[in-house]
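Student: Here is what each chain is made of, one letter per residue.
Number of protein chains: 2
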Amino acid sequence: MLSKNKIKFIKSLDNKKTRDESGQFIIEGDKIVREFLKAGQIITMLVAQNKWTESLPRHVFQNIREIINVEYPELKKISSLRTPHNVLAVVEKTEFRIRWNEILNNLTLVLETIQDPGNLGTIIRTAGWFGVRNIICSPDSVDVFNQKVIQSSMGAILQVKVHYPDLHAFMDRVSESDLPVYGTYLDGKPVYESTLGPKGIILFGNESTGISSSLEKYITKKIKIPCFSDAAEGIDSLNVSMATAIICSEFRGRTRGYSK
Amino acid sequence: MLSKNKIKFIKSLDNKKTRDESGQFIIEGDKIVREFLKAGQIITMLVAQNKWTESLPRHVFQNIREIINVEYPELKKISSLRTPHNVLAVVEKTEFRIRWNEILNNLTLVLETIQDPGNLGTIIRTAGWFGVRNIICSPDSVDVFNQKVIQSSMGAILQVKVHYPDLHAFMDRVSESDLPVYGTYLDGKPVYESTLGPKGIILFGNESTGISSSLEKYITKKIKIPCFSDAAEGIDSLNVSMATAIICSEFRGRTRGYSK
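So the protein lines, in turn, are chains E and X.
Residue numbering for the first sequence follows my numbering, beginning at 8 and increasing consecutively.
Residue numbering for the second sequence follows my numbering, beginning at 8 and increasing consecutively.
Source of the hints: derived by calculation from the structure; they are not laboratory data.
It cannot be assumed that every hint is accurate.
Which copy is meant is left open, so a pair is good if it fits within one copy or across any two.
Dumping the calculated DSSO-like pairs for lysine-lysine here, alpha-carbon to alpha-carbon at most 30 Å [what the hints assert, rightly or not]: (1) Lys-83 to Lys-38; (2) Lys-231 to Lys-38; (3) Lys-38 to Lys-229; (4) Lys-168 to Lys-23; (5) Lys-168 to Lys-224; (6) Lys-168 to Lys-38; (7) Lys-38 to Lys-196; (8) Lys-224 to Lys-18; (9) Lys-206 to Lys-84; (10) Lys-155 to Lys-84; (11) Lys-45 to Lys-231; (12) Lys-83 to Lys-155.
Just so you know, these numbers come straight off a predicted model, no measurement behind them.
Please work from the sequences and hints to get the whole structure.
Tutor: Dropping the structure here:
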């Protein structure tokens with residue numbers, strides 16, 4: 008049975024400020040909760056129907072601090088989904104710093120002012136698929152622990168670390184290395200003709216305003232995804248998560264290092 | 008001023024049955040309404056603030072059957088968006104048939120049981136970018152005139168025709184031609200190594216269940232987007248709209264026919 012206070016606390020985690028202060032966030036659904044448990048993440052509160060909890064392997068219970076058995080109507084009360092899943096969990100955030108050896112030896116996505124949670128979640132999922140380990144967002148971007156981000160990342164958040172540093176400080180540090188910095192521009196070189204490597208930074212600007220001029224100095228290679236439409240009007244841009252998927256695929260396909 | 012009956016009618020267009028019976032659907036927002044007018048589409052009812060309507064070029068008024076001036080609170084009442092735009096329009100559906108000369112000479116996407124409106128909208132937008140003119144959906148897919156589809160297609164619906172034929176009948180006809188039929192499968196050939204051409208059918212299965220076995224016989228080339236993640240768990244699939252974007256990009260990048 009869920010107390011009023013607990014309902015209040017769970018609902019308060021919709022709010023970034025509360026997530027920051029408590030160091031906790033919410034995940035919902037059978038698949039993602041199992042993945043978090045499998046990855047050894049700490050669940051501070053597991054709210055589920057009895058039969059769901061009973062289906063868990065014994066050894067994961069050591070990472071669950073509190074279990075609250077509820078019936079479906081109660082789950083519905085606390086869920087942010089229209090059709091709630093059979094489990095909701097409050098999870099402890101894992102703190103991590105930027106590991107420069109990972110940045111210097113891999114592909115890293117840098118996103119400027121990304122605001123749509125669905126887009127960020129999908130980008131995380133795609134980045135995970137393409138073996139990208141770090142995503143750098145400007146501090147004014149949507150919070151990765153926003154529930155919509157978590158839901159659309161489909162568990163990839165366990166593999167991909169999302170950081171919110173000062174972008175200029177981050178790019179200053181990058182520019183001290185010989186890491187190529189790719190930026191997507193309307194007048195860039197078609198990505199199909201560009202020299203792409205297994206490591207580097209790929210910078211994506213805001214969907215409406217593009218890469219801000221103060222970041223342009225860091226770009227060493229301007230690229231673009233050419234438009235193939237013969238329509239005069241109506242197709243003026245690609246969704247940023249589509250652009251990310253296409254460019255990640257181009258980078259990875261070019262290096263032919265795939266295994267599966 | 009909006010009468011109660013009109014509010015009721017506009018709201019009823021949220022419903023596929025009403026859209027089918029009336030042959031009308033809704034678009035919202037400055038950009039998309041202007042694009043529809045520019046493309047010569049018939050608007051049966053334009054609901055907007057006076058100052059917005061006054062900003063329209065004179066010649067488009069011949070395609071607007073009724074103009075209703077409202078204030079923002081009224082727009083809010085009829086809008087399906089959390090933050091309504093300054094204009095909503097009821098548009099007449101354009102009827103079109105499948106043109107086989109287009110299918111036989113271009114790339115066409117076939118989507119089986121696509122259900123998420125945001126995904127379909129994004130796929131339409133991406134298809135438009137890559138010069139795909141036709142998308143074939145199985146009849147149990149989400150309706151293209153669903154408002155969320157329209158909003159996320161960002162006007163690309165003016166360039167890309169979405170059809171809902173019986174998939175088997177459509178594929179039977181395709182199989183009488185020499186058009187290659189690509190299907191995405193877990194055990195397909197990596198798309199980066201596949202021979203891709205400027206025309207053909209690309210079949211995408213449902214996100215959870217994949218391509219149904221009854222359609223497999225039509226596939227002439229099985230392809231896949233390889234996973235580059237070294238994580239054992241957590242990354243088990245790509246979002247279908249991402250897969251579409253990546254595969255369209257691969258097809259178009261390979262033929263190098265881009266102009267912009």
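Student: Taking the hints in turn, state whether each one holds.
Tutor: Structure-based check of all given hints:
For the homomeric pair Lys-83 and Lys-38, the shortest alpha-carbon distance inside one copy (18 Å) is at most 30 Å, but the shortest distance between copies (37 Å) is not. For a Cα distance limit of 30 Å, the shortest separation of Lys-231 from Lys-38 across copies, 24 Å, qualifies, whereas the shortest one inside one copy, 36 Å, does not. For a Cα distance limit of 30 Å, the shortest separation of Lys-38 from Lys-229 across copies, 28 Å, qualifies, whereas the shortest one inside one copy, 39 Å, does not. For the identical chains of this complex, Lys-168 and Lys-23 are intra-copy neighbours only, at 18 Å inside a copy versus 41 Å across copies, given an alpha-carbon limit of 30 Å.
When the C-alpha separation of Lys-168 and Lys-224 is checked against a cutoff of 30 Å, the pair qualifies only within one copy, where the shortest distance is 26 Å, while the shortest distance between copies is 42 Å. Taking the shortest Cα distances, Lys-168 and Lys-38 sit within 30 Å of each other inside one copy (20 Å), while across copies they are farther apart (36 Å). When the C-alpha separation of Lys-38 and Lys-196 is checked against a cutoff of 30 Å, the pair qualifies only between copies, where the shortest distance is 28 Å, while the shortest distance within a copy is 41 Å. In this assembly of identical chains, Lys-224 and Lys-18 lie within 30 Å of each other by CA distance neither inside one copy nor across copies; the values are 43 Å within and 50 Å between.
In this assembly of identical chains, the alpha carbons of Lys-206 and Lys-84 never lie at most 30 Å apart, being 46 Å within a copy and 50 Å across copies at closest. Taking CA atoms no more than 30 Å apart as the test, Lys-155 paired with Lys-84 passes in both settings, with 17 Å inside one copy and 26 Å between copies. Only between protomers do Lys-45 and Lys-231 lie at most 30 Å apart by alpha-carbon distance; the minimum there is 28 Å, versus 39 Å within a single protomer. In this assembly of identical chains, the alpha carbons of Lys-83 and Lys-155 lie at most 30 Å apart whether taken from the same copy (17 Å) or from different copies (24 Å).
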